[in-house]
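Read top to bottom, the protein sequences are chains A and B. Just so you know, we're using our numbering here: the first sequence kicks off at 295 and counts up by one. Just so you know, we're using our numbering here: the second sequence kicks off at 295 and counts up by one.
Since the hints were derived computationally from the structure, they do not count as laboratory data. Mixed in with the good hints there might be a few duds.
Same chains, same label: a pair holds when it works inside one copy or across any pair of copies.
What the hints assert, rightly or not - Under the rule of at most 30 Å between Cα atoms (straight-line distance), these lysine-lysine pairs were calculated in the DSSO-like manner:
| id | residue 1 | residue 2 |
| --- | --- | --- |
| 1 | K639 | K392 |
| 2 | K316 | K443 |
| 3 | K639 | K395 |
| 4 | K621 | K311 |
| 5 | K443 | K311 |
| 6 | K639 | K621 |
| 7 | K316 | K395 |
| 8 | K476 | K515 |
| 9 | K392 | K476 |
| 10 | K639 | K311 |
Protein chains: 2
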Amino acid sequence: MEIAELGEFGLIHHLTKDIEIKNAETRKGVGDDCAVLEYPTGRQVLVTTDLLMEGVHFDLQYVPLKHLGYKSAMVNLSDIYAMNGRPRQMTVSLAVSKRFKVEDLEDFYAGLRLACEACQCDIVGGDTTSSMTGLAISITCIGDAETEKVVYRNGAQPNDLICVSGDLGAAYMGLQLLEREKAVYNEQVREVRQRGENPDTLPPFQPDFSGREYLLERQLKPEARRDIVEALAKADILPTAMMDISDGLSSELMHICTQSHTGCRIYEDRLPLDYQTAVMAEELNMNVTTCALNGGEDYELLFTVPLILHDRVCAIPDVKVIGHITKPELGLQLVCRDGVEMELKAQGWNPLKSRK
Amino acid sequence: MEIAELGEFGLIHHLTKDIEIKNAETRKGVGDDCAVLEYPTGRQVLVTTDLLMEGVHFDLQYVPLKHLGYKSAMVNLSDIYAMNGRPRQMTVSLAVSKRFKVEDLEDFYAGLRLACEACQCDIVGGDTTSSMTGLAISITCIGDAETEKVVYRNGAQPNDLICVSGDLGAAYMGLQLLEREKAVYNEQVREVRQRGENPDTLPPFQPDFSGREYLLERQLKPEARRDIVEALAKADILPTAMMDISDGLSSELMHICTQSHTGCRIYEDRLPLDYQTAVMAEELNMNVTTCALNGGEDYELLFTVPLILHDRVCAIPDVKVIGHITKPELGLQLVCRDGVEMELKAQGWNPLKSRK
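With the rest of the complex left out, here is chain A:
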């Protein structure tokens, strides 16, 4: 169905009509000039926002729209958890070009809603408009936390343990894999064209990723670590600093150390890696540690806890201590497998610097 058949309000109604409100804090969702929220006393409100642009943040040649919806929501949900909060509401704005059909947006919303259901978050509004060029997605997520339990980036203290959830570098390896297969496919299309044949006769882009499923899933369907935030609360651990790893471990560690006025020391042999990440790095002739440090898009949690909580934090499944916070004059150090120390540099993904 053409989007123009529905128009703006018709489309919004079509996509949002059966959304159920899950949070008592949501007093009014889609349908007025504003959404209306009401939070109980003693809780602070958390707000985060992301703008995702086609060709910069995602490639529709290999990202299905349902996955894109899921991921767009998850990257924002992740920021709320990174403050030790709980997501409550989300606004979703889309600018779509002519080539999109209503069914495409239904797919996008299906992914979005799946992510929101997993995190008990209400879709309360947004904006749907047209774009002269690519797809643009802007999501704002709102959450809350008890006032004393909000965790910032600036609270790390010397001797605090540096902890990471899950494993690192897999999402980046998934991206490399997709880019490689896309290049192969585009080369096939080019050859078919050169022979004067119609490239539409080629089977659609559907490479075999068997044995690499984990890497693809990490790239296409990242999960915000709600479970870790809940496990920390259950273990009565309040991190001194926390953030989510979206631009790469090095870059995020640098933010925590800069804002906390500390240094840090992490150990190469403690960096959590999945087997598939290591195999893929080898295949691509890349250094797996570099991938883990700078890969980005893992959406794992990076946090610091007082040394005294060592045993308690180690008891949480899927959390690993990778080093500790130091005095600022010691800088940011990586202790390599061979004992050599190297200064950490943030070489993570930077959408503005990477523009050549």
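Chain A is already provided as a structure; the job is to place chain B on it using the hints.
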């Protein structure tokens, strides 16, 4: 200065470093995973968001970036006032293409900050990224209101008076004027090219708009009606329904009547018009009433009040009663100057339907 020289975090720091927080409700602004807000008991939180795309919502050939920043903020601030709220915080996301310099974004932010200062709103975060094509702007505005004082679209009752602030149609006339002058200029460029000359030798696009300043100002520098919301509070008037006029009076009236399950009756001779709007409509051979009904982008307030408040609402400067709410079965009627009744149709701006 090239944006790539600063990078994402450098740019955000550069643009936001001297922003002062004005509201006690803002506990943490730019610089963490989320902004942190805290609202006192008894107040509800209002959230609105807009996504503005180059080539759809604005044309950089005639919109200066400072004006664009100002307007982008104002259209969101206007939505908070439309709920009878006060704006408190704003997040600003930008996706910029290579042709933008740091100075361009400084201009955009200068306009943005001017608007926020006028409405006592804090810029608390956002996202700055790159775009493969045009400029994309996503703004989310957060405000608050006493729980009992939030005004929705659905509270209008038969016999309520329908009121409008300011005047209508001028922003649309300003757009027509700019589009006309742009077409003239582009024709000049085409002719110069045809003669084999360099179009850069032409003076830049700077047509003479004297006598039309009001129309241009309405298009390029709209003002959210904070003053009206404050005047209503001072006069102890709580509207039964309210919204801002962004897509045209007809369209907005239809929203209020649909959501309130009512009809309405408005009078052509009571529609507030500026002299310049009427002159320009005449010049362009357009019906000025059609412009006032469907023009859009006026960002005036449309609201309803109980009949008993007639004298009190008429005493507020710059507010005009244009008709009244009726029973739903009477439909939406416009009473023309000659006494003929016509059914109101929403023909306002629809970014999705207009895509041919």
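These are the hints, each one checked on the structure:
Taking CA atoms no more than 30 Å apart as the test, K639 paired with K392 passes between copies only; the shortest distance there is 26 Å, against 42 Å inside one copy. In this homomeric assembly, K316 and K443 come within 30 Å of each other (Cα to Cα) both inside a single copy, at 23 Å, and across copies, at 24 Å. Proximity of K639 to K395 under the C-alpha cut-off of 30 Å is restricted to the inter-copy arrangement: shortest distance 27 Å between copies versus 44 Å within a copy. Proximity of K621 and K311 under a CA criterion of 30 Å is satisfied inter-copy only: 26 Å between copies versus 54 Å inside one chain copy.
For the homomeric pair K443 and K311, the shortest alpha-carbon distance between copies (27 Å) is at most 30 Å, but the shortest distance inside one copy (35 Å) is not. Within a single copy, K639 and K621 get their C-alpha atoms as close as 18 Å, which meets the 30 Å cut-off; across copies the closest is 68 Å, which misses it. In this homomeric assembly, K316 and K395 come within 30 Å of each other (Cα to Cα) only inside a single copy, at 29 Å, whereas the closest approach across copies is 44 Å. In this assembly of identical chains, K476 and K515 lie within 30 Å of each other by CA distance solely inside one copy; the values are 19 Å within and 46 Å between copies.
Taking the shortest Cα distances, K392 and K476 sit within 30 Å of each other both inside one copy (24 Å) and across copies (25 Å). Taking CA atoms no more than 30 Å apart as the test, K639 paired with K311 passes between copies only; the shortest distance there is 24 Å, against 48 Å inside one copy.
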